[in-house]
Structure formats: C-alpha cells, structure tokens
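What follows is the residue order along each chain.
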Amino acid sequence: GEDVEQSLFLSVREGDSSVINCTYTDSSSTYLYWYKQEPGAGLQLLTYIFSNMDMKQDQRLTVLLNKKDKHLSLRIADTQTGDSAIYFCAERGYSGAGSYQLTFGKGTKLSVIP
Amino acid sequence: SAVISQKPSRDICQRGTSLTIQCQVDSQVTMMFWYRQQPGQSLTLIATANQGSEATYESGFVIDKFPISRPNLTFSTLTVSNMSPEDSSIYLCSVDPLLGGAPEAFFGQGTRLTVV
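In order, the protein sequences belong to chains A and W.
This note's numbering numbers the first residue of the first sequence as 1 and each following residue consecutively.
This note's numbering numbers the first residue of the second sequence as 1 and each following residue consecutively.
Same shape as in the complex, but just chain W (with noise of 0.2 Å):
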C-alpha cells in the first residue's frame, strides 16, 4: 500500500493569490493524478503528473491555472493560481493504481481550500 500526505489540509486563500498543495507518497510511483472535489459534487481529474515529463491535462484544466510540478518520484505539487471563490474545493492528490502489482488506488486526505 501507499501512504500519501497532503499540506496544508485547509487554508483560506484571498482571492488573487496563489496557493501551492504538497503531495508526498513514501514509495515510487510513476503517475500520480491531482483531483478536484468542488462542494457537494464528484471528483473530477484535473491532471496527470509524471516524473520527467510535463503534466497532461484534462479538458477544462489548464497549465497557466494549474501548474504542476513533479520533480521525483515520491513528490508532486499543484498550485492554484490568481484564486477566486469559484476556486474554492477539496483538493485531491491520488497514486496510479497497479502499483507493485497492487490494484488500490490510494488517496491524500486532501487539502480543503476556501477562497474569500
């Protein structure tokens, strides 16, 4: 299994800042994804993160908003750029499934942003 921590858990942001998400996970991995989970709705892929490569973004989901950084493969970051109240989500980082042969697909606990 994979453990998978997530800072800050929560912050309140004023709008037109940028806030950067930490994602560490204590084992290698190859793809890690970033989540978005907007108030009361679904998770919806925002990017996948591969060590040495640029990001792949979903449709709706852009490098300029979204920059990611994946430096190893143990560590990724997402930052929220120039934030508004429409920002305001629980932010996901999750580890590829398959990973060591093992089918879980393990999740941060999240980072809870508010955006004021």
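Pulled out of the complex, with its shape left as it was, chain A reads as follows (with noise of 0.2 Å):
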C-alpha cells in the first residue's frame, strides 16, 4: 500500500522556526494535508496544499512541497511553547472503485523549549 513517513521528533526553541518533513510515494495524490493533534485532544486540521502546487503559506506556517521528490514539509515560524504537539502528514490518494481515502504518517512530536 501507499506509505508516509516522517521523523518521529523534533525539539526546538521558543521563537525559532520548526521544519517538520514528510516524504510520501502515491505518485496520484492530489492534497497533501498537515493535522495538529495536542494531548487528548482530537485532529486539527492546520493546512492543505493541492499537488499541482510547490509553496502555500498562511500566517506563520508554510508548507512547501517538491513533488518530483515527493517531499513536503511544514514550517513554523516563530514557534511557540502553544504549538507543542504531534503534527501529522496526510495525502489523499485513490484507493480503487471511486473511492477516495487518506493515509497518514506516524506523526513527527514537536515539543517546544522555553
């Protein structure tokens, strides 16, 4: 099946930038999506970009994707300690008979250093 896969942590500090990397191999996605998940809590979806795109920025984050790579990250500027959670990658892929689904990555935990 299709994968995605991203490092599992990331540590940072207080008013630095965050990267945070995704490679994924279904060559048909057409979105590539970044979720936020804090501590019990449910899936926020953060941004999305289109596959035919390489760049969407919206305030403080920026996804960038190579899709000849099949790379995507998302960057935070200005990290702070509120955006210490588990950040999921996600493409959107064809999964036969019309029908559509997402697959997710194992999740990169970003914690966030005063």
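Don't read these hints as lab results, they were simulated from the structure.
Don't take every hint at face value.
Unchecked claim - 27 Å max Cα-Cα, derived DSSO-like pairs, lysine-lysine: (1) A:Lys-106 - W:Lys-7; (2) A:Lys-36 - W:Lys-7; (3) A:Lys-106 - A:Lys-70; (4) A:Lys-36 - A:Lys-67; (5) A:Lys-36 - A:Lys-109; (6) W:Lys-65 - A:Lys-106; (7) A:Lys-36 - A:Lys-56; (8) A:Lys-56 - A:Lys-68; (9) A:Lys-56 - A:Lys-70.
What the hints assert, rightly or not - Examples of chain A residues toward chain W, derived with CB under 8 Å: (10) Tyr-33; (11) Lys-36; (12) Gly-42; (13) Tyr-100.
Owing to the predicted nature of the structure, the values given are computational and were not obtained by experimental measurement.
Yeah, the Cβ is synthetic: ideal placement off N, Cα and C, and Gly gets one too.
Could you fit the two chains together into a complex? Lean on the hints.
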C-alpha cells in the first residue's frame, strides 16, 4: 500500500522556526495535509496543499511541496510553546472503485523549549 | 466546511461488552470514514461507510468486530464488539474531502475508549 513517512521527534527553542518533513509514495496524490493533535484532543486541520502547487503560506505556516521527490514540509515561524503537539502529514489518494482515502504518517512530536 | 460531532467523547468499558459510537455531520456527505488511533500511533482506516450500501472494510478489520451503520447522509455509527483491552484506542470519524468542492478533510473530536 501507499506509505507516508515522518521523523518522530523534533525539538526547537521558543522563537525559532520549526521544520517538519514528510515523504510519501503515492504519485496520484491530489491533496496533502498537515494536522495537529494536542494531548488528549482530536485532529485539527492546519493546512493543506494541492498537488500542483509548490508552496502555500498561511500566517506562521509555510508548506513546501516537491512533487518530483514526493517531499512535503511544514515550517512554523516563531514557534511558541502552544505549538507543542504531534503533527501528522497525510495524503489523499485514490483507493479504487471511485473511492479516495487519507493515508497518515506516524506523526512528529514537536517539543518547544521555553 | 463540515462540523462533525462524535458521541461519546470517552468511555471506560468492561471487556466482552460492546460500545456504539455515533458520528453526526451538519451537512449531507456521500462518504464517511472511521479511523482508529492506538496509543502513541498514527491513524489507521477501519472502513468507509457509504449511505445505502454496506461499509467497505480495510485489511485487518471485519464487520463482525466493527459493524457500521449509515442510515442517512448525515449520520453513522461504529460499534466495537466483544471488546478486549487491545481495543483501547481513539476512534475518529471523518468525511470525504472535496465536500462541496472543498478539499478540507475534517475529523470529529474522537472517542477515547479504554477497555478494562
């Protein structure tokens, strides 16, 4: 099946930028997503990017997509302690019989040091 | 956007019993999805629920263990049957992206299940 890979941990100092990386294998992916999950909470959609774009910026968040290398990154500028959470990368791919589904990475735990 | 409500938000259940989780969407959707997130793990798709047809289960998940209902375009239930401690997880429902042309894939807040 299709695969999405992420590094498991990232630690940054408050005020620095965080960059979370993700690679995927499905060449038919149409959209790629970043979700945030805080302890004990559900999934919060942070942002998404269409597969024919290479960059999307939304306030402190910048998503970069290298479709050739199937590499996605999420940059968080001026990282705050409230950004501490697990960040999931997901890709929307075709699963057959007219159906699409999301495939998730294992998540990157971001720790922000005050 | 879609607002997805799940009930219950959490429960502690005895092994051997069953729990039914409800998912309500504030707009009509074709496909709804049920995911499981085991402790410290990522999300795994259990099944896709289409209105008017049987749910489609992913490898490793079977209807007898996780029966799903989809009585209309705004509602679905997932039952976790004959529970064991290994079923302790967060269960989340989601709706098909591209709802009304928007690609956002929204999730309910999840049901945190502990089986003792």
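- Could you check if A:Lys-36 really has its C-beta closer than 8 Å to a C-beta on chain W? violated (11 Å)
- Within a Cα-Cα threshold of 27 Å, do A:Lys-56 and A:Lys-68 meet the stated pairing? Within the cut-off at roughly 17 Å; holds.
- Regarding the pair A:Lys-36 and A:Lys-109, is the alpha-carbon distance no greater than 27 Å? Holds - the C-alpha atoms of A:Lys-109 and A:Lys-36 are around 10 Å apart, at most 27 Å.
- Can the restraint linking A:Lys-56 and A:Lys-70 be considered satisfied, given a maximum Cα separation of 27 Å? holds (16 Å)
- Query: Taking only the CA atoms, is the gap from A:Lys-36 to W:Lys-7 under or equal to 27 Å?
  - Reply: Satisfied, since the Cα-Cα distance of roughly 21 Å is no more than 27 Å.
- Would the hint on A:Gly-42 stand, with a C-beta cut-off of 8 Å toward chain W? holds (4 Å)
- Query: Has the given pair, A:Lys-106 with W:Lys-7, been kept, meaning a C-alpha gap of at most 27 Å?
  - Reply: Cα-Cα ~25 Å, so holds.
- Query: Are W:Lys-65 and A:Lys-106 close enough, with their CA atoms no more than 27 Å apart?
  - Reply: Between W:Lys-65 and A:Lys-106 the Cα gap is close to 25 Å, so the pair holds against 27 Å.
- Have a go at the A:Tyr-33 hint: is there a Cβ in chain W nearer than 8 Å to its own Cβ? holds (6 Å)
- Query: Can the restraint linking A:Lys-106 and A:Lys-70 be considered satisfied, given a maximum Cα separation of 27 Å?
  - Reply: Roughly 17 Å separates the two Cα atoms, so the pair holds.
- Query: Is the hint on A:Tyr-100 kept, meaning its closest Cβ partner in chain W is under 8 Å away?
  - Reply: Hint holds; A:Tyr-100 Cβ to chain W Cβ min 7 Å, cut 8 Å.
- Are A:Lys-36 and A:Lys-56 close enough, with their CA atoms no more than 27 Å apart? Within the cut-off at roughly 17 Å; holds.
Violated hints amount to a single one, hint 11; each of the other numbered hints is respected by the structure.
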